[in-house]
Each structure stands twice: as structure tokens, then as C-alpha cells.
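Here is what each chain is made of, one letter per residue.
2 protein chains.
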Amino acid sequence: MDEFSFIDSIKQDSYRQSSLIKGVGDDAAVFRQSSEDIVVAVDTFVENVHFSKETMDLFHVGHRILAANISDIAAMGATPAFYLVSIVVPKHYTSMECKNIFKGMQSLATKYRMDLIGGDTVAGEEMSVSVTVLGYVTKTKARYRSAAVEGDLVFVTGTLGDSQAGFHILTNTGAYQDETYYVNKHRLPVPRVEFAHYINEIDRVALNDISDGIGNEAAEIAASSGVTIQLNEHKIPTTESFSQFPADLQFKWKLFGGEDFELVGTVSKNNWTFVQEAANKAGIDVTEIGYVRPYRHNHVYLHKDNRLFPLKKDGYNHFKQVKE
Amino acid sequence: MDEFSFIDSIKQDSYRQSSLIKGVGDDAAVFRQSSEDIVVAVDTFVENVHFSKETMDLFHVGHRILAANISDIAAMGATPAFYLVSIVVPKHYTSMECKNIFKGMQSLATKYRMDLIGGDTVAGEEMSVSVTVLGYVTKTKARYRSAAVEGDLVFVTGTLGDSQAGFHILTNTGAYQDETYYVNKHRLPVPRVEFAHYINEIDRVALNDISDGIGNEAAEIAASSGVTIQLNEHKIPTTESFSQFPADLQFKWKLFGGEDFELVGTVSKNNWTFVQEAANKAGIDVTEIGYVRPYRHNHVYLHKDNRLFPLKKDGYNHFKQVKE
Numbered sequence: 006m007d008e009f010s011f012i013d014s015i016k017q018d019s020y021r022q023s024s025l026i027k028g029v030g031d032d033a034a035v036f037r038q039s040s041e042d043i044v045v046a047v048d049t050f051v052e053n054v055h056f057s058k059e060t061m062d063l064f065h066v067g068h069r070i071l072a073a074n075i076s077d078i079a080a081m082g083a084t085p086a087f088y089l090v091s092i093v094v095p096k097h098y099t100s101m102e103c104k105n106i107f108k109g110m111q112s113l114a115t116k117y118r119m120d121l122i123g124g125d126t127v128a129g130e131e132m133s134v135s136v137t138v139l140g141y142v143t144k145t146k147a148r149y150r151s152a153a154v155e156g157d158l159v160f161v162t163g164t165l166g167d168s169q170a171g172f173h174i175l176t177n178t179g180a181y182q183d184e185t186y187y188v189n190k191h192r193l194p195v196p197r198v199e200f201a202h203y204i205n206e207i208d209r210v211a212l213n214d215i216s217d218g219i220g221n222e223a224a225e226i227a228a229s230s231g232v233t234i235q236l237n238e239h240k241i242p243t244t245e246s247f248s249q250f251p252a253d254l255q256f257k258w259k260l261f262g263g264e265d266f267e268l269v270g271t272v273s274k275n276n277w278t279f280v281q282e283a284a285n286k287a288g289i290d291v292t293e294i295g296y297v298r299p300y301r302h303n304h305v306y307l308h309k310d311n312r313l314f315p316l317k318k319d320g321y322n323h324f325k326q327v328k329e
Numbered sequence: 006m007d008e009f010s011f012i013d014s015i016k017q018d019s020y021r022q023s024s025l026i027k028g029v030g031d032d033a034a035v036f037r038q039s040s041e042d043i044v045v046a047v048d049t050f051v052e053n054v055h056f057s058k059e060t061m062d063l064f065h066v067g068h069r070i071l072a073a074n075i076s077d078i079a080a081m082g083a084t085p086a087f088y089l090v091s092i093v094v095p096k097h098y099t100s101m102e103c104k105n106i107f108k109g110m111q112s113l114a115t116k117y118r119m120d121l122i123g124g125d126t127v128a129g130e131e132m133s134v135s136v137t138v139l140g141y142v143t144k145t146k147a148r149y150r151s152a153a154v155e156g157d158l159v160f161v162t163g164t165l166g167d168s169q170a171g172f173h174i175l176t177n178t179g180a181y182q183d184e185t186y187y188v189n190k191h192r193l194p195v196p197r198v199e200f201a202h203y204i205n206e207i208d209r210v211a212l213n214d215i216s217d218g219i220g221n222e223a224a225e226i227a228a229s230s231g232v233t234i235q236l237n238e239h240k241i242p243t244t245e246s247f248s249q250f251p252a253d254l255q256f257k258w259k260l261f262g263g264e265d266f267e268l269v270g271t272v273s274k275n276n277w278t279f280v281q282e283a284a285n286k287a288g289i290d291v292t293e294i295g296y297v298r299p300y301r302h303n304h305v306y307l308h309k310d311n312r313l314f315p316l317k318k319d320g321y322n323h324f325k326q327v328k329e
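Listed in order, the protein sequences are those of chains A and B.
Each residue of the first sequence is one higher than the one before, counting from 6 in the numbering used here.
Each residue of the second sequence is one higher than the one before, counting from 6 in the numbering used here.
Treat the hints as calculated values from the structure; they're not laboratory data.
Every value quoted in this text rests on a predicted model; they were computed, and no experiment measured them.
Identical copies look the same in the list; a pair holds intra-copy or inter-copy alike.
Within a straight-line C-alpha distance of at most 27 angstroms, the following computed BS3-like cross-link-like pairs (lysine-lysine) qualify:
| id | residue 1 | residue 2 |
| --- | --- | --- |
| 1 | K96 | K58 |
| 2 | K257 | K317 |
| 3 | K274 | K146 |
| 4 | K16 | K146 |
| 5 | K27 | K144 |
| 6 | K317 | K240 |
| 7 | K16 | K104 |
| 8 | K116 | K104 |
| 9 | K16 | K317 |
| 10 | K16 | K144 |
| 11 | K96 | K317 |
Isolated chain A, as found in the complex (with noise of 0.2 angstroms):
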């Protein structure tokens, strides 16, 4: 692959942002940003460790790749504006694989008026993909997993344990409900701008997104915040026909699957409506799953079948019941 042409061929003919100055074709590009704070953020994926080919066209790695960073950013209450692609490619690599990974960003990229504003490709063994992105939040507005107080209500965006059905049905040949859906969750996540935008309006937010499933996301929270989450097993929400999978599954996808790019968050229960409207505005669901308390023993707390269990970063093997 000859990176001049490829470089030429993945280059923006025009770009979309009024704040970049200079994009592609120099030692860095350039912007100004003076009314908004500016966040960034970089997430690598391998091929066979984050990504393969065998259950995904290169179109979806792409897309899938940008969506997790851009979620990343929707997770600071951001808005996404620029993004930087290092590619690392293996000789078999034609560029027209290239050239399909940055097609599946660059559908995404589209969505949100965001500019391929630089990046570097180079020659190795294994293909892996690292994405930049840079994003714009009214100023200190940017919202962090520090932010939730005792008292909070815990709120997540959309349906959870989907992207993890879709890689199931991808791997399992059957019959399956929905089938359709699943795999395009899994393939072509959509991350939440817009109701992380909506919600700008609110004084405090904590938010996280999930990548790594809730369990791990809503720990992240309460460790910065130092209070103790209690999430409402039956209140997760899922897909009407999420029930046709064994129910093992189901509880392992919905608390840890992850790569949802779902958000999770707390807010004071004065803005809960706000909440709600803003969800209404960007045409996706939200859904109140617990409250957070003051900090005892364990992050966060799953109440179950009228019992509760300390829920463990890393992941439910952990799972047992305890008297509290």
C-alpha cells in the first residue's frame, strides 16, 4: 500500500468545522476554540482482540471504532468535532480494506459534522487502529464521574445487553427474534450526542458511558463521587425480545456485556423531568434504575429478587449475596 495515495484518498475534499484553521497536509492540524472548553480523549482496538473480521465487514470496525471514542466524548457532555486515525497495517492489508475502515467512520463522522483533521499509517504485523477525537462542551459544563451526590437518581439511556446479543447470534448460528437488530447494535452502535447535548442545560450531571458494561461504569461513578450506587435489577432496561435468550445470558449481558455505548448517569431528582425531555428530544428512551446513597462497604449494590448484592468492577463471578 502506497501511503501518499492512500493518505490522498481518505483525505476530506472540504471540511465541516468553522473552528479548524488547518486540517490534513501539514506537521498538525490547527483550530481555535475560544467560546467552549475543548475535551479529548484516544481508545485503540486490535484486530482479534477488539475487532474480527469473521463477525464484521472492515465498515463496521470503522464505524464501531469511532462510535466508541465519540461516546467517549458524549460521556463529558460534549459534542464530537474532530477526530485523528493511526492505523497500523499488515502487508495482506489491501487499501481497499483501508479505505473500508475509514468509510465506516467516515458515515459517522457525517452524522456529527466531524473532520478527519489527521493521523499516520503505518507498516506492522497486526492490524490495530487508534483513534483521537476532540470534542466541545460549554464551558464548565464537561461532566464527570465525580459529580454524583447522595440522593441522586441513576438513569441509563436506551436498552442494555444488546451489542453482546448481537455478537452471541454472530457466533451461534439459530433462530433468533430480532435478529436484524441485534447484529446492527452490535456492528453499528449509535452513541448518545445528542442527549448528552440536551441535557447541557442541567447544573449537575455525573456521566459515564458503557463501554465495559453497567456494573463497571456505575463503580467508576461511585468510586470518583465516593457514595455507594444501588441499581434495581428489574428496572434494567432491555429489548421486549432480549427474554428469548437463556436468562443467565440476559443477567451477565445487561450488567456486563457492555460495548452499548449506552450512557449511565446520576442527577438530582429536581431535573429528573428535564431528563426525561431531553431523552424525548434526541427519540431515545431513558429509564430511572436506582438512587445513590452515602458510601457503605461496597461501590454499588444490585438489588435483586428483595435481596441485595455488592456488585464487583470486575464482573459477576464475584456475584454473592451479603447481609447488609
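For this one, chain A is given, so just place chain B on it according to the hints.
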């Protein structure tokens, strides 16, 4: 390697940049910059492609990777502020080894008061390090390759070919003069941040850093600016003891060797004294090595032994005399 404890071990206790609002520890970092323009670049380095444990310690690897990235920022006339590091770690790497890569980066980051504000640590088969660097530049003073104008003189900082000489010494046993000097130029290159900052007051400078050899970098300036650059071979600065190497290697290294991370630029003759003073202030040498003329046939010509040769972007294999 446990990712969480590793991230904790490389996390800074405190941050140096006053524009930083949130560093490591949430979904993204947050900063605010209203008085300057922001530059951003990313570069990826793969083991046994861009570096090898046989010719350097992992401390050097880290140092050199961040130096290469900072060099891109300097080539924009900007001052580095932040970096994010995404690292793919094979199983056989210990956390101590990974930590040494970060220590190498930290040594340079400390020098420039840069903050590590994010990253990702993932498992893979092949070690690769992807670094995103952000910097600040006075508004409208970003230095583009496209700024060269007919009549400009061409300058270069420092000496060229030293990094390749160092690599040669490391891979060919023998007795060499200034061995440590060359080896350090290869392992611990110093980007030209101060110089780039001191020429800030000049209205117009075309600037590029020398990562791929001055032939390539001058060609990038010339192509972006739509001009031809003529370089004088005997003016290209080298270290005194560089003459110990075979003439063909000297020629190859100083013109196409790259990885010296010096800066090549063009300015109007009126500003040459200012450029020299800036170099003085930065404690480095700067040398006039050619001039800019209207575009004709080729982007770069080399004047050597009273004859003129076109310098091709892809190296000295294409080097042959032309009538012009």
C-alpha cells in the same frame, strides 16, 4: 500486566499546564484555550519497524517517540502542552518495561512542562506506541509548509545525518570518533521547540521538521508553496567528525537520513538576522543552505560540484544530473 494499576503508576501526581481542567481519570481530558490557537498531531511507532530493543533501551524508545511528536508541534511554530499515549502491549512485556517507555517520555515532557492527559493500554501481539500531542501557538502564527516565497533563503537548524550515523555505529562494531555523541543523537534527539518559539515574531516563515531527510522535507515545502527550492550541498551542516564516515554514507545520511528532528525553513532575507539571533538565544546553530526560486520542472534541486541535480522525494536512488 494489570491495566488499572499500570495506569495508576504512570499517572502524574500534579499537572503543569494551567489551561488543563481535567487530566487522566474520566472519559476524556478537558482543557480551555482562548488566547492561542491549538495544534494537534499523532504518530505511531511499531516495534521492529520504527524501533528495536537491540539498538536502544525502552527509555530511549519512549524519549525518541515523544521527541518525534514534539518535533511536529515545533514545526508548526507551536509549544507542546499535552500528550496522550495509546500502547499495544504483547504478553511478554513486563510492566517495568512499559514503565521505562513512559519514563523516557516523561523526561522530555518534564523539560517542556507537558502533561500526560490520557491514553489507552491494550493487549496485542506486536508492541506499538501511538502518541497524540497537543500544543499552543500565537493566533495566526502557525507555520505552514505553504508559506515559502520566491527569493526566500532556506535555513536548517543544527547538523544533519547524526542520527543515522548513531544508528550505523550501533549496528556496525568498530572504533568511532564521538561515538557517544552520535549514539545520543539517535537515541535521545532533542526537538527544536525553543528556536521555533523565538522566531514567533517573524511575519512569515515556512517550516518543516526533518523526520524523513532534508530532501523530502524541502520537497514538501516546495510542493505546498508551488516553488522550487535550491540547496547547496556543501552548505549542508554536519558535525566535524562526520567526515570519518565513507563519503557515500555521509551524502546519503545528511540528505535522506532523517530522524534528526532538526527544522528546515524559509524566510525573506530581511529576517535572516532575526533567525540567527533566535538560534543564538536557543543555543543552537542555524545555517543558510539555499534559496527559493520560481517553480521549474522539479521541486528541489541540489547544487553540487558546480552542477545541478533534481532531488526526488523518494530518495537518492533517483539521483542523476540534469541539464537545466
